[in-house]
Amino acid sequence: MANKAAATWRSVGGFLRLHRMSGASSRLCSSEKQKTIKMSASRPEPSSTHDWIGPPNPLSNLRPIVYRVSENESDLEKQLRKLRQETEDWNHVFWTRQNVSFSKEKEAFIISQLNAKGLTLCGEDGRRRSLSSEEMAVFYKSFLDKNRMRHADYNREWYRRNFTITLLMARIALNDFWRTVTERHRKKKNSTPTI
Amino acid sequence: MYKTPCSRLTGFLGVRTKQQLVQIAPRCNQTARSLIYLHKRNPSNSLTYQHLNFLKRQYVTKTSSELQQRAVPKHDLTIVDEREASVEKQVERIPAINAELAEVAPPSEDVTHKTEPENFPTKPATQSVTTPKGSASRLAATTDEPPHIQVETEEARQTRLDRQWKPLKVDEGDLPDVYARLAKIKLTALVVTTAAAGFAMAPVPFDPVLFFVSSLGTGLASCAANSINQYFEVPFDSNMNRTKNRPLVRGQISPLHAVSFALACGIPGVALLTLAVNPLTGFLGAFNIFLYTCCYTPLKRLSIINTWVGAVVGAIPPVMGWCAATGSLDPGALVLGGFLYSWQFPHFNALSWNLREDYSRGGYRMMSVTHPGMCKRVALRHSLGLIPLTTLAPALGVTTWNFPVISLPINLYISYLAARFYYQGDRNSARKLFFCSLWHLPMLLLLALTCKKYSRSPEGTAAPLTLARPAK
Numbered sequence: 001m002a003n004k005a006a007a008t009w010r011s012v013g014g015f016l017r018l019h020r021m022s023g024a025s026s027r028l029c030s031s032e033k034q035k036t037i038k039m040s041a042s043r044p045e046p047s048s049t050h051d052w053i054g055p056p057n058p059l060s061n062l063r064p065i066v067y068r069v070s071e072n073e074s075d076l077e078k079q080l081r082k083l084r085q086e087t088e089d090w091n092h093v094f095w096t097r098q099n100v101s102f103s104k105e106k107e108a109f110i111i112s113q114l115n116a117k118g119l120t121l122c123g124e125d126g127r128r129r130s131l132s133s134e135e136m137a138v139f140y141k142s143f144l145d146k147n148r149m150r151h152a153d154y155n156r157e158w159y160r161r162n163f164t165i166t167l168l169m170a171r172i173a174l175n176d177f178w179r180t181v182t183e184r185h186r187k188k189k190n191s192t193p194t195i
Numbered sequence: 001m002y003k004t005p006c007s008r009l010t011g012f013l014g015v016r017t018k019q020q021l022v023q024i025a026p027r028c029n030q031t032a033r034s035l036i037y038l039h040k041r042n043p044s045n046s047l048t049y050q051h052l053n054f055l056k057r058q059y060v061t062k063t064s065s066e067l068q069q070r071a072v073p074k075h076d077l078t079i080v081d082e083r084e085a086s087v088e089k090q091v092e093r094i095p096a097i098n099a100e101l102a103e104v105a106p107p108s109e110d111v112t113h114k115t116e117p118e119n120f121p122t123k124p125a126t127q128s129v130t131t132p133k134g135s136a137s138r139l140a141a142t143t144d145e146p147p148h149i150q151v152e153t154e155e156a157r158q159t160r161l162d163r164q165w166k167p168l169k170v171d172e173g174d175l176p177d178v179y180a181r182l183a184k185i186k187l188t189a190l191v192v193t194t195a196a197a198g199f200a201m202a203p204v205p206f207d208p209v210l211f212f213v214s215s216l217g218t219g220l221a222s223c224a225a226n227s228i229n230q231y232f233e234v235p236f237d238s239n240m241n242r243t244k245n246r247p248l249v250r251g252q253i254s255p256l257h258a259v260s261f262a263l264a265c266g267i268p269g270v271a272l273l274t275l276a277v278n279p280l281t282g283f284l285g286a287f288n289i290f291l292y293t294c295c296y297t298p299l300k301r302l303s304i305i306n307t308w309v310g311a312v313v314g315a316i317p318p319v320m321g322w323c324a325a326t327g328s329l330d331p332g333a334l335v336l337g338g339f340l341y342s343w344q345f346p347h348f349n350a351l352s353w354n355l356r357e358d359y360s361r362g363g364y365r366m367m368s369v370t371h372p373g374m375c376k377r378v379a380l381r382h383s384l385g386l387i388p389l390t391t392l393a394p395a396l397g398v399t400t401w402n403f404p405v406i407s408l409p410i411n412l413y414i415s416y417l418a419a420r421f422y423y424q425g426d427r428n429s430a431r432k433l434f435f436c437s438l439w440h441l442p443m444l445l446l447l448a449l450t451c452k453k454y455s456r457s458p459e460g461t462a463a464p465l466t467l468a469r470p471a472k
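Line by line, the protein sequences give chains A and B. Reading the first sequence from the start, the letters are residues 1 to 195 in the UniProt record's numbering. Reading the second sequence from the start, the letters are residues 1 to 472 in the UniProt record's numbering.
Some hints could be false.
Said to hold, decoys possible - Just some of the chain A residues that point at chain B, by a computed CB distance under 10 angstroms:
#, residue
1, 43
2, 60
3, 62
4, 98
5, 102
6, 137
7, 140
8, 143
9, 155
10, 158
11, 165
12, 177
13, 178
14, 181
Think of the hints as simulated: they come from the structure by calculation, not from any bench. All residues carry an ideal CB built from backbone N, CA and C; glycine is no exception.
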C-alpha cells in the first residue's frame, strides 16, 4: 500500500518535472530500483559513504533523500534505510495531499464567495479578485476543523516513526563505535605478540 | 522559551513588505517571488534600487490572494534557496537586466522551453492547481519580455537542480552557524535576558559568578529545548515559509546529530544549574525543557491550549533567575513570571493573526484560526491585566510604588492597541499590537529594575539599585 502510494507521488512528481525540464526522468522509478538503475542527473546514485539530500519537492515541500548503501550493510542498517525511505514516502503522500487539497479548496472557496457576491473571478482589468483576510479566515478555520482527526493521526504516526528512526540510528552508531573499538583493541593485541 | 518571537519577526516583516510590494506595484509574478525570497533570505538587506526598478515593468500575472507567497509554485524556491553565490548573483541580475544578459542561452533552448510549458494546462487534475497556472502565467509573462530571461531561468534552474542534490555530510566550517540556528540563538539570548532580569530583581546581594553560571545554564537548557523542537517539527517546518531554512529541513545535519547536540547542551546545562546554582533552579530548567518539547510542541497541532502552555514556558525563565539568586520560590518571582505570562498573549495572538493561512495549511491549531473571537478577547484581557499586576510588585516588596506609576503609560498604550485589535480585528491593528509588544516587555523589565527595592526593611523604600553596586 505504501509502495503504491510512493509510486503514485513519485509519478506525480515525475510528471511535473518532465514537463518543466527537458530531459529529466528521475521520479518515475520506484525506490527499489534506485540502487541498480542509473538515474538521470537530477537524482544521484546512492553513495556508500553518505546520504544525498535533494531540493524540496514542489508539491510536498519535503526534501527527498537518497540513502546511503554501504558495502557490507548490516541488517540493522538495511532496516533503517527501509524505514527512512518508507517514512519519507509516507510523508510526501500526506503533505502533497494536504497542500493540493488546500489549494483546491481555497480556490473553490474564493470562487464560491465571489459568486455569492455576484462577482466573476476576474475583474475588469483582467486581474483575479481576492478576498479580504477576514473572509479567508472562515476558510482557514473550516480547513483546520475538517482535517483535525487526520492531522492528529498524522502527528502520532510521525512522532512514532521519528523516534524509531533515531533509535535505530543511535543503535547503529553505537554498533559502529563498538566495532571500531574492538577492532583497534584486537589490532593492538596482534601487533604485540610477545608479552 | 518563547514561541520564537525573533524568527517570527523576520517572517512577519517579510510578509508585510511583500504585501506592500504586491499592493503598490503591478503584480509581477516572477520578480515579486524572487524579491520576496531574496528578502526573506536576507531580511537585513534592504531591497536595492535595482530590484524596485524592475517592479515598474508591466507583467501579466496571476494573483490568487493577498498572501501571494503561498500560491507560489514551490519549484521557484530553487532559484533563491541555492547557496552558491553565482546563482544568487544571477537572480539579482535578472531584475536589473534590460536587454543584456549574464548568460545567453542558445536559441534552440528558447523554442523547447517555450513549447513545453504550453502543454502544461492540459495535464490531469492530479497535479497541483497552482503549479500549472504559475507556469502558464510565467509563459504569458515571457511574451512581454525578451525570451532569454525566462529560458535562462529554466535552463539555469535545471543545471542548478542537478547541482542541488547535496551530500548529507557535516560541513565542519558550517557547524557553528548550523548549531546557532538549531538552538535558535536569538531566542535563547532573549530567554537568558529575561532570566537575568529575574536574577537582578531578586532582593539579594548581586553575585556575578552565580549570575554568570545561572545564565549559562539557562542558555544551555534553552538551546537543548529549541533543538528538540526543531527535531520534532521537520516536515511542518518544511512547509512553512518562515521555517523552511532550518538546518534539519535543509539536511545540513542528521536527526541523530541534532538530538546529540540537544543532549550535549541540555545535560550539562541542567547539571550546571542543579549543582553549581541550586537544585530548585535545575528542576525548573528541566521542567521547562519538558514543558516546551513534550507539551507545547505536540500540543501546537492538537489543541489551542498550546498558547497557554507556551505562556507558562515563557514565564519560567525569570522565575529561574530569581530562584538562582535567592534559592527559593518567592511570591516576587511569581510576579515576574506573571508579567511574562500575561505579556505573551498580546504578543503571540497579534503575531498569529497575520499568519493564519500558514497555520491552517500546516495544520497548527491556533486561536487566531479556530477561535478568532477568543483570540482577540484574551489578548485584550491580558493587556489590561498587566496593570493590576504591576501593583502587585510593590505590594510584595519587589519594587517601590513608583513602578506601577511609571509603567502605567506603556501599559495603557498596549491596552489601547489591544482594544483596537479587539474592535477592529484587522491585519493593521494586529501588526501594531505585535510591534508594540516587542518594545513593551524590555521597557517594563527595565522600569522594574530601576524601581527595585533593595532593602526589605519595613521602614521604607530604598534608593534604586544598580547592578554594579557592591553587596552589603
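Status of each hint after checking the structure:
no.: 1; hint: 43; verdict: holds, 7 angstroms
no.: 2; hint: 60; verdict: holds, 8 angstroms
no.: 3; hint: 62; verdict: holds, 5 angstroms
no.: 4; hint: 98; verdict: holds, 7 angstroms
no.: 5; hint: 102; verdict: holds, 5 angstroms
no.: 6; hint: 137; verdict: holds, 6 angstroms
no.: 7; hint: 140; verdict: holds, 4 angstroms
no.: 8; hint: 143; verdict: holds, 5 angstroms
no.: 9; hint: 155; verdict: holds, 5 angstroms
no.: 10; hint: 158; verdict: holds, 7 angstroms
no.: 11; hint: 165; verdict: holds, 7 angstroms
no.: 12; hint: 177; verdict: violated, 12 angstroms
no.: 13; hint: 178; verdict: violated, 16 angstroms
no.: 14; hint: 181; verdict: violated, 18 angstroms
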